[in-house]
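First to last, the sequence lines map onto chains P and R.
Using the numbering used here, the first residue of the first sequence is number 1, and each one after it goes up by one.
Using the numbering used here, the first residue of the second sequence is number 1001, and each one after it goes up by one.
Worth flagging that the hints you see were computed from the coordinates, not collected in a lab.
One or more of the hints may lead you astray.
Cut-off 20 Å, straight-line C-alpha distance, at most; resulting in silico cross-link-like pairs (EDC-like, lysine to aspartate or glutamate) [as the list claims (entries may be wrong)]:
| hint | chain 1 | residue 1 | chain 2 | residue 2 |
| --- | --- | --- | --- | --- |
| 1 | R | K1331 | R | E1360 |
| 2 | R | K1331 | P | E691 |
| 3 | P | K60 | P | E111 |
| 4 | P | K317 | R | E1360 |
Everything numeric in this text was worked out from a predicted model, so none of it was measured.
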Amino acid sequence: MPPTSLTADAPWVVLKFGGTSVSTAARWGTIRDLAEARRAEGARVLVVVSALSGMTDRLKAASGESGRTRRLAHWEEVRQRHQQLAGDLGLPADAAWLRPLQSLRELLAIESLPADVLAWQARVMAHGELLSSALGAQFLQAAWLDARTVLCAPSQPHQNQRNQRLSALLDTQPDADAAAEMARLGEVLVTQGFIARDAAGDTVLLGRGGSDTSAAHFGALLRASRVEIWTDVAGMFSANPRQVPEARLLRRLDYEEAQEIATTGAKVLHARCLAPLRTPRVPLWIKDTERPLLAGTEIGAETVEASPSVKALSMRKGITLVSMESIGMWQQVGFLADVFAHFKRHGLSVDLIGSAETNVTVSLDTTENLLDSDALAALAADLARVCRVKVIAPCAAITLVGRGMRGMLHRLQPLLAELGGERVHLISQSSNNLNLTFVVDESAADALLPRMHGLLLASGALRADDAALFGSSWRALYAATAVAAAPPWWRARRAELLRAAAAGTPRYVYALPRVREHARALRALRAVDRWHYALKANAHPALLRALAAEGFGMECVSPGELAAAQDAAPRAPRLFTPNFAPRGDYAQGLAAGALVTLDALHPLQHWPELFRGREIGLRVDLGQGVGHHEKVRTGGAASKFGLPLPELEAALELARALDARVVLLHAHLGSGVLDAGHWARVHAQLASLGERIGTLRALDVGGGLGLPQREGEAALDLAVLDAALLEVRRAYPQFELWMEPGRYLVADAGVLLTQVTQVKHKDGRHYLGVDAGMHTLLRPALYGARHGIVNLTRLDAPADTLYQVVGPICESGDVLAGDHRMPAAQEGDVVLIEHAGAYGYSMASHYNLRGLPAQEIIEE
Amino acid sequence: MNLSAPSDPRRARAFRFTGCDYDAGEARLRYAFDDGAELVERIVFPDAPPLGGARAQAFARALRLLHWIAGVSYYKAGAVGQLVIENAAPDHGALALLQSVYGEGLAEFAYRNGLRLQQHWSVPPAETSAAAPALGLPQHTLVPLGGGKDSLVVVEALRAAAVSCTVAWVGDSPLIAACAARTRMPTLQLRRTLAPELFDYNRTGAWNGHVPVTAINSAILACAAVLYGYDSIAFANERSASSATLEYEGRAVNHQWSKSWDFERRFAAVLHGTVAADLHYCSLLRPWSELAVTRAFARLPQYFEVFSSCNRNFRILGPHPADRWCGQCPKCHFVFLALAPFLPKPRLLKIFGRNLLDDETQAAGFDALIEYRDHKPFECVGEGAEARAAFAALAQRPEWGEDTLVARFRGEILPQLDRAALALEPWLHPADEHAVPARLAPALAFLRG
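Next comes chain P alone, as it looks inside the complex (with noise of 0.2 Å):
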């Protein structure tokens, strides 16, 4: 790199990069851009590299070899995977790089394994890191610096030995003396993560995580501005983005937190990484060798001013519980000393603890110890002779992070009743005031999390809303095909709207072309055969008429809506789905002409001469409920809906005795759900128990499909849908597959159209009131559900004011949006409401006697 004159008080940048971003020349051509742009700002910069992809464990199986001939044969692939490189960097064949190789072959081609195997097992494998920091040292003309000149592990007397070699402990404080001597070598360094040397000056390994670690140390001792980790993910996330696709990207976060988050779940960054900066202040970035423009994750000493969040759900499976239970156990003295004895002796450690008058709860971690051997059946014979003793497993901890979590309890009460519902065995805060804990059955845990983020989002307890916290969602980033939400239809016809709105508000709008797109986009699903609309959604006549003409067959659940599908589409297949509705209603759904669905024994119980001889459907819970909030949700126990499973057989029995085929088996598990893979599961699941009915000819896997509701969140990917149902169908392809979406094919089809009454200033609160309210669009009072809301009249003026956006109900629960930033609004301004296309007009009311809502429908 051309040399630049760097002033003596330079800070240091460390820049650290994994095995996949040292791999390639491309990406070392990324490298050498950011260590320039460092350089630009006037920084010196360090680079910390790891060893090539693989080659850890390259180099660990030929250390592992007894034979000298099979030792080399590894290197061999060694010198070929690097010389390969090396071409490819256009670096010389007689270079410098090459040393490192010399030294490996020495190592490798003794005869017999050295007494101290484990020193010489260290020294083979520190090789990688030698190589690739030679290499990279040469590629970027900077200065090579071995690192076990610089990073020192101090002995650890309570370690054994194979630690002490190959996952040793640093303990680095800031060094101005170490830190000129390395600007000495020059402005840009490279070095080695992953190795440092003992007190013997002997080479040592830092174990797993050891490449982060070494550029967190060389952070400490330099007293750098930032240590950069460049990875292949943006940072840390609001949960894992396997489990949570819609997990956000966590901007910043403190040492605390984040320490907290990487002990309980998250992968990215290793938690012995944030110890040595946590003192000298040195804020760690997290960022995307990909991606390097995208916002990473700034970890820091300073928390930025902002409301209080939640910051991550994680998780840990693979918990034991062990529970104690005695009376009078806590008279007496030493009890739980001697009890946790019994822990010790067998070689277990206790994490989680809970405690009553007359039990003790404590958490086991997955070990080897735990899983292979007789250890837990040893100490549960020893803790027998003092208290009963039970072993409750296997279990998840899933805990919530996040800075003053006790002020947040209130927030939590959505998700405190979705816990309701499961067996939490223990929970857990510690006087840290940064997480919470709760222990469950692992089988309900993987399940739970995107639940229970969904949950923390729309209560509004983890603040995606603030930018200064949170980024987009992973799916959004990272998705293979994720499909970028597209710009809402109304912005083109603004004018229009205002128009209408002038005819008088509360006015509900629905635009046909955006029904007639989603319709078009599920029809092309090659998956499913059939699709009915679920009118309950939204009953208008209009939009009847356009999705039976897209092909669309009609889903009833009522006498009325029955006859509103007759009106409209007349010639549209009709399913009848009603749920504890009157013994008439069934009969008007088979006069009708409609499939009928039943989801209990008793209609065919009580009034068997209705489906003698009959087609029907039959309606399963599959026993969990997903969705957006408690009351969307329409399976598991909790839910009035479906016939749960041990009942199947009766039905079939029942139906059998009637000679009434059972032709459709349907299930609908609960709405707004974003995974593709929500509906291969419960396909899967119905086929399954469908080859068991003989009479069987479709399956309904119901509706449900999700929007995205907030910015940063990516659309449903419809591609990934279909794969997953072919998937299925291709096992059990002699069901054919229906659906039946409401929500989808209308919400943000539809704006809700209202006028501003009056503004109000209260107790430092900011009230919006605007003529529409909870008889308007309930679904804000009734699920909690957060619509986007804009001041139409000032669309593009900077939202600067808070409001709580509220309707002219006598009802303190009349509030459309709490804390919603828009601009300073006056009397009259035309304010709309988006995603009111679906559940809006359809669940208004006259409460108050304040009339029902306008419709109006644009056709073009």
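Given chain P, put chain R in place with the hints provided.
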């Protein structure tokens, strides 16, 4: 909403075996009800080698046997009184085998549908044929894989005895494919396509229910053995497969009849007599109880993350235990219970992803297994007495004792049982009965101690 309905097979007079043929790796088996549409089942043998001479003749005989046995899937749709074999004549032994496949093999089907099967077989006069010759089949063994623990124990037992094996399965199950890959043995995947009209029959309400699928798979593998050159087929059926589920109309109803010793002997004899004198068919696990097999499986951790015995979540493979184990069916209950005495508790719970014995809603399922207030379920599960022995063993273990269903067993059920009959240990010894050929016999030792 009625589809164009095919004629109802229940109204037919006769079920006809109209013929079978084979060409270039695909076998076609043809049937009909009366003069109705021909039902054609197809079986694909991948990369089939060309055959000639005695092997070709033996294959033709094996294929006829398959044709007759596989008809049971179609016959049951009508369950008619007349069965007419039109293309060739089974000899006395083969006809007796067929009568039991369509009799004992359909006993559960008849019980569940409340049918009394009356069958009259009409066959051409038997040709006088010499006993089947030995073909000089190579010393390789076909091991049918089911995705559950049993066949994996057979694979490892044969590997330990240095027997050359190929693992084989019929169908497209990704679960079995994953288990097969984990064995690191050569694989043979056979595909079977049912006649599509069968689904139409089912939709119109034709008779439906359990068929002796192991008999069909045995016949498919017999064809494969002759075609590709294997001298033995080693199934994984325990001795408990021979015990009946219940009695109905004076006949023992055994869900696992085609896995029983009775079927094994009859089928092996027909293969020896009419297909090839040196083709051996046996179950390597025949002397052993389910408990002895689960104990052997407990020593094979390499399969813990891939296997499943559950029949309900079978076709789609996912990453979670719940994708492989429904946790509700008798198979899940039994395998959980039978493995529990032989594995550390956290390891077992990791396999299933939940603790079925600490879930009171599963009480009825476990009660059926131990024949408490119920009969044994219609599934391939062990005997009631061995399930009781496993339960009794857990009742004594502090790490299990407080789990809801174990505590219930100890408090409510155990006092009603004869404690002397509850020992686990006797279940771990082999019985004498088996037909394992000498070449494979060393593998039997794998299940000891």
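Here is how each hint holds up against the structure:
{"no.": "1", "hint": "K1331(R) - E1360(R)", "verdict": "holds, 17 Å"}
{"no.": "2", "hint": "K1331(R) - E691(P)", "verdict": "holds, 17 Å"}
{"no.": "3", "hint": "K60(P) - E111(P)", "verdict": "holds, 18 Å"}
{"no.": "4", "hint": "K317(P) - E1360(R)", "verdict": "violated, 23 Å"}
In terms of the numbered hints stated before, the structure departs from hint 4 and from no other.
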